[in-house]
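Participant: Chains as they are written, first to last, in our numbering: chain X, 17 to 158; chain U, 7 to 1185.
Some hints here could point you the wrong way.
Said to hold, decoys possible - What follows is a set of in silico ranges between Cβ atoms, one per label pair, in the way DEER data are often shown:
{"hint": "1", "chain 1": "U", "residue 1": "GLU38", "chain 2": "X", "residue 2": "ASN74", "range": "42 to 48 Å"}
{"hint": "2", "chain 1": "U", "residue 1": "PRO577", "chain 2": "X", "residue 2": "ASN74", "range": "53 to 59 Å"}
{"hint": "3", "chain 1": "X", "residue 1": "ASP51", "chain 2": "U", "residue 2": "THR110", "range": "36 to 42 Å"}
To be verified - Derived coverage of chain U by chain X (criterion: at least 3 residues anywhere in the stretch with Cβ under 8 Å from a Cβ of chain X; other residues may be distant):
{"hint": "4", "region": "16-30"}
{"hint": "5", "region": "441-448"}
Unchecked claim - Residues from chain X shown here face chain U by an in silico Cβ test under 8 Å; the list is partial:
{"hint": "6", "residue": "ALA29"}
{"hint": "7", "residue": "PHE59"}
{"hint": "8", "residue": "GLN76"}
{"hint": "9", "residue": "ILE100"}
FYI, nobody ran anything at the bench for these hints, they're computed from the structure. Heads up, the beta-carbon is just placed ideally off N, CA and C, and yes, glycines get one too.
These are the residues of each chain, in order.
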Amino acid sequence: MSYYLTIIGSNNAPVYELDIGSYKQNSNGIFKFPDNINNLKQFIANSSLDILENIQFNSQQHYFNNIDSFYGYSTFIFLTQSNIKYIILTNSKNLDESIRQFFIELNELYLKKLLSPFYDYNSPINSKFFTTRVKNIAKKYL
Amino acid sequence: MDIINFCNPAYVRSLVVPISEIGKSDFENVLETLRRVKDVRAVDLINNPGKFNPQAYPQGHIYYNFVTKDDDTESLFLHNFEPFRKTAVVIGITKWNENMNETTIQEAKAELKRKYPSPITQFVLIFDCPNDYKIDIREVYTVDKKTQNLETKICDLTSRFLSNFSTYASAYEHTTLRSPGNLSGTTKKTKNRVSVSFDLNSEKVKQMSSRGRKLKLMANFYLMAGNLKSALSDFCEAIFSLKYANDYLWLASAFDGLAVCIFLLASIAAPFQLPQFLTQILDSAKNSVNVLSTPIVSPRSSLQINNVLSTLNSLRDETYTHKLDVVPLDVVEKKIFECGILASKYYHQAKEYDIDYVPHIVVTESLLRYATLMVLININGSLNLELINDILYSPAKFNNNTVTKDFDTDHFNKLCFHILDVDFNQLSQTQQMKLFYSLSFLFSKTKMNMKKCLMISSFIDIVINNNSITSVNNTDRQNLTYLLENYCESYGIVTDEVIGVLYPNKTQKKILLQILSFCRIVNFHQGYLKFGSLSLRHFNSLFTPNEQIETFETMTAFLKSRSESIEYWDPNLLVDFHFDTETRKLVEGEESMIKITVRNPFMFHIDIKHFKLSLESNFKLKLYTKDKKEIDNSTISPTISVRPYSQLEIPFIIVPENNGTLIVDGIYASVCGCKLQKFVFKDHEIMSFVPKINKKYEKFYDSKNLSWSIDVVNSQPFLKILDVKLEDKWLMLLDGERKQFKVTMKNTSKTEINYLVSMFKDSTTELLNAELNNKLLQPNEIYEIEYQLLKRKPFKILNKGDLVKIDGFELFDLDVEIIGKIGVNEASLVLEYSHQQDSSTEFHRNISIPVNLTVYPSVELAGCDIIPLTSNTKINELMKDPCWAYLSKMKENNHQLSNFCLLALDFINMWSDEMEITLNYMPGASDAKQTGDVMIKEEPLQIKTTLQSRKNLRMFLPLVRMDFDEEYLGRTIPSLRNKQFIVDKKTPMAEQLFIKHAFWYKEEILKRVKASWKILPNSSNSIHKGKYGDIDLRGFKFSSKMVEVLEVEKIGLSLKLLDTNDSEVELNNVSLNEFYTIRIQLTNRNKAPIFGMLRHIPVCKDPPYTYEKKVLINGVLQFSVETPLIEGESREYDLGIVFMEKGECEWGVLFDELDNWTSGSSEIKAQHLQREQLKFKVN
C-alpha cells in the first residue's frame, strides 16, 4: 500500500509533497505506484480540488474522505482554516480513520512550520526535518 | 476529433477514404462538403421494398457520421450488440480526370470492396465531374464541380444503402444473439447468474430474452434507418421482454436507444406515446438516482404480460389512428434522463451480478452521452429545438458559456467517477483519447479546471506514448495553443507575463516537460518554441542541465526550420552598461569606449548577434567593435559567444555624430537565432518580507527600466606641444629665482579654443595637501600651507592676454615664467582648454607641460625680531645706515622715536656666491586703516647690503608702531581654499586671540616689506652671475614680546615733568626745592568707555629707595579717574612735587582698569603701565 501526500497552498500551488510507503499489513515501507499513476499523481491530487471547491463552502467539515477517485485511486483531503489543503492519494481501502488522525497530526506540524519567521505562507517547504517528522507520523498511522 | 454525441446510436457510421491520388487539402474539402449534407430526409428517398422502406416513415431522417479512421476491429465484438458502432458505409473519394473510364472506375470500386469488405455498402463518389458526364455503374456516383448535385447523389446513395441495409438486417432475423465478449472473444461464464423469475420457467425466460435482444437490435437498425416509429415500438417491446428476462446488459442498451429515439422524435416534433408499463418503469427511475453511488437491488416490478402486450401491439398497429399530441420538451428531457438513470442502473447491475461481460466502452460512452446532454441543457437553459439542432447538426458549435450555479455538479461528478474507474485502463488508446477529449470538454464547461487538466495530461501522455500523431494542421495549431495555454494557466504558469511564476514548482516543470515532448512528437514547432522559451525563462533553475540543453537544441533546430522567429527567453540578458570615459562626457565626432555586460544563466552557449544600442531620442551614432569594424553597415555582424553560467563584458567603440544628451535605455540584439529584440535593465526591488496575507505577488516587484545618459558636447579642439624652448632639459634654479621660456603649441583640430585655463602642479603639492589634512594645525599654519599651494605657484603665463581665442590649426607660443621654489624637483603646467558654446555643456581637455628642475637654496630668512625704540634713544652721528638716517629724519620731523620700532631680519646666504640683498619698505603698499592718535607720514626706504657665502647677517628696518582696533585684529584667519570656519574649542581663548593678532600684524608687515637677492653681475667667475630672485619672508614669526613692542597700547599713559611755567623740564637737570608738576595723560583708545584707578609709583634709585623724605607730594598718589573716559577721550592729571634730596629718581604710573564699575564692583580687569617711565636726575 502506498500513499502520495501533498500539501497544496491557498493559491493551489504545491507547497510540499512526499511519497509514503506503508509498513502495515506486511508492507516493506517502499512506495509503489504503477508508472501511469505515478506520473499523474500530482494531477489527480490537484483535480480533486475542483470537487472540494464545490463543497467546501457548503460544509463545516475539515476532513473529506474519498472525495474523488481516478483509476481506482481515492483522494482524501484535509482542509485547514487558511485554505491549505492536505491531500492523500492512495489505493488502500478502509483507512478513513487513520488518515484522519494522520491529517490532524500533520496539521499540528504544519502550524509549527507556519510559526517560523523564516517561512512564508504558501512558499514551498524544503526542510528535511519536516520530512522526517511527516514520515514518523506516517509510520504511526498509515 | 469530435466530442461524443448524444445521438451517436442513430448515426450511420460512414468511412470516407481516398481511392486515387487526391491532395490532403482537397480531401479535407470533400469531407467538409460531405459533412454539410450528412442529414438526409427519408421523404427524398426512392421507395424500396425492403425492411427499411423510407416511405414507411417519411418524416424520418438518416444521419451520417463521416469518419476517416477505420476502427472496426476494435469494436468488432460490439457490432451485434450496438450496430451503430459498425462502419456501415464506406465511400471512396476520387477526382475526375480525363483518363477515367468505366473500366478504371470498376477496378477502383473492386479495389475498394476488396480493401473494405465488411461494411454493408461500398460507394464511389467522383468529384469535379463534367456536368454532361454520365456513368452507369451501380454504387458509383458523380458530383459536378460546384457540388450542386451532391445532395441528389447522396439521396441516391442513401436509397441504395437502405436497400442493402434491409438485406443486411434480414440476416439477423434467424440468428441467436449473444452478449458481447471481451476483446479476446470469449464470453464470461455466467457463474452466479441470479435466478430470473419465480413465476416463469427458464425456457420462457430464454425465449423472452432472445426475442428482446432481437427486437433491440432491430430497433437500433430502425433508428439508423430513420424509422423512428418502428424503432420506438421495437425498443418498448424489447424493454418489456428483456426486463421480463432480467437481461440487464441488453436492457440497459435498450434504454439508451430509447432515449435517443425520444430525442429524435422530439427533434422532428413528432407526437408519440410511451406504453403504460414503460411510463411506470421510467417513473421508478427517481428511486434509482442513487444507483451510481450505492447500488441497490431494483424493485422487481410484477407486470401483467398480457396487458402490456396489447398496448405494445396497439403501438405497432399501422391503423392506430388516435391523434396524439406533441410531447412537450421538458417532458422529453425528463424521459431521456430517466432512461439514462435506468440504463446506468442496469449496466451497473449487469456488472454487479457478473451476468454478462459489460464492455466498459459501452458504459462510459453511455454515461458520457448523458453527461454531455446534461451540461449542454444547463448551458442552454433548457432543452429546446435550437439545442436539439445544434446537437444533431453541428456538435462542434457550442458557445463559450459555462454551466450555471444550479447545475447538479454532484450528479455530474458521479457520472464521471464511473467513467474513470479501474476498468478504464482496459480501453484501447484511441477510445481513451476520445473519452479524455470529451471529458476535458465537459470539465471545461463545468468550470472544473483541474479535472480538465488531468484529462489533458492523460490525453497528452497517450499521444506521447503512442507516437500516433505526427503533424497538426493550422486550425489544430490554434486550438492546441489555446488548449496548452489553458492547461498551463490552471497550474499557475502564466504564459504571457514576463514576471510569470513566483515559486516555480516541480508540478509545473512536469507539465512543461510533458508539453514539450508532446509538441516535439506532433511536430508542433510553434508550440515547442513558445513553451520551450517559457520553460527556460522561468524554470531554468528547476531544469537539469541535460533538460536545458535538450530543450535548447530542439528549439534551435526548430528555429532554423522556421521563417518566423520568437523572442529570446531571458529578458534580463543585459546586466550592466557603462560609458568608459573619465570625463563623463563624450565629444561629437570622437571615439569613446562603452562596455556592455551580458549574462548567460543557462547550461549552454548563447550566441549574440546584431548588436545595436537603443537610444531614447533620435541620436546619430556609429558603433564599432573593438577592432574597429563598424557594426551597423557591415553585412556580417560579429557573433559574440557567452559561455554557460557566466557574464561577459563586451567593449565597443561609439562615435556620436551630433551633440546633446545621449540616453541609452537598452540594447538591441538577436540571441540564439531569436528575433532582434530590445533588452533593458530592470531594477527590481524585491520586498524583504513577503506579506503573509493578502498577497498578489505582482505587487512585490517594483521595477523600473534603467537608462544611462551622458552629455555629448560639440566637437572640441585638440592641442599639441610642438616645442619647449628651454636651454637645458633639466633646469637648475635658486630658491626664489625666476626664469622665462617659450612653449610652441598647435591646435590640431579645426575647432577653435575659446576657453583656456592654466593650472600648475609641482612635486610639493601633494606633500602640502597631505599636510593640510593634519587636524592639529592652527589656522595661521593652515594659512601658510594654503599660501604655498595657491599663491606661490611655480609657473606664470606672461602672454595670457594673447590667448583669449585660438583658431583651428593655429600655431602659437606660450610665454612661461618659472619660479624656483625650494623642495620642487618636478613641476608641470597644465592647460585646460575647450570650445564652449554655452556654459551648460562644460567640457575641458587637459594638456600637461612637464618641466624637470632642481631648486637650490639661495638666501633664507633665518630669524626675526622686533626691537623697541624709546624717546631717549640717541642716534649717533656715525650711524650712516639708511635705517638710522631714516629715523633721524623722522626725529627731525618731530616724531617721537618711541612711536617707532626696529624690524630685525636675519638672513643667511646658503649659496656659494656672494649675494646682494635688497630690503624694500613700502609703507604705501598697505591700505589698512589705522586708528590711533599719532599720525606719522612714512616714506619708502630701500636698504641694500651684500652677504658672503655661508654667512649670516642681521638687517634692520624702522617700523612705525601699529595701532589697529580690536575688531580688525580679531578677524578670523581667512582660508584660501574657502573652507568652512570651525570654532576651535581646545585652544585657550587668549592664545587664539594672540594667533589672530600675530597673523594680522604679520600680514601687515609682509605687505610693506619685500626682500630680494641678486648675484652681483660683477661677481668673479660665477656662471650664475646676474641671477636674481625673491626672498621668502613668510617664515617671519611673532613672539608675544614682539607683538607688545609693535602695537600701540589701548590705554595710553604718558608722563611729563613740568615746571611752574608748564613747560617740559630737561630730565637730567631737575633742581632741588622747586615746584614741579607731574602730568599724566591718560588716553582711551578702546571702543568702549573705561574707568579705574590711577596710581603714581615714584622710586628713588639710591638706598634706602623710598621716596619719603626725598620728595614732597602735593596731593594723593592714588585716585579714581572719577568719571569714565569715553572712546578716544584723553584726560590729564597733575600732581605737584618738590624734590628734597639729590639723586636719581624714576616715576611710573599704573592704571587699574575696573570691570563692572557701573554696578559698583571694584574688581580689577587689567592693569596698564605707562610705556616709558620718567627718569630724572635731581641736582
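Participant: State for each hint whether it applies.
Facilitator: Now the hints, each set against the structure:
| no. | hint | result |
| --- | --- | --- |
| 1 | GLU38/U <-> ASN74/X: 42 to 48 Å | holds, 47 Å |
| 2 | PRO577/U <-> ASN74/X: 53 to 59 Å | violated, 44 Å |
| 3 | ASP51/X <-> THR110/U: 36 to 42 Å | violated, 52 Å |
| 4 | 16-30 | violated (count 0) |
| 5 | 441-448 | violated (count 0) |
| 6 | ALA29 | holds, 5 Å |
| 7 | PHE59 | holds, 4 Å |
| 8 | GLN76 | violated, 18 Å |
| 9 | ILE100 | violated, 13 Å |
In this structure, the earlier hints numbered 2, 3, 4, 5, 8 and 9 are contradicted, and the remaining ones agree with it.
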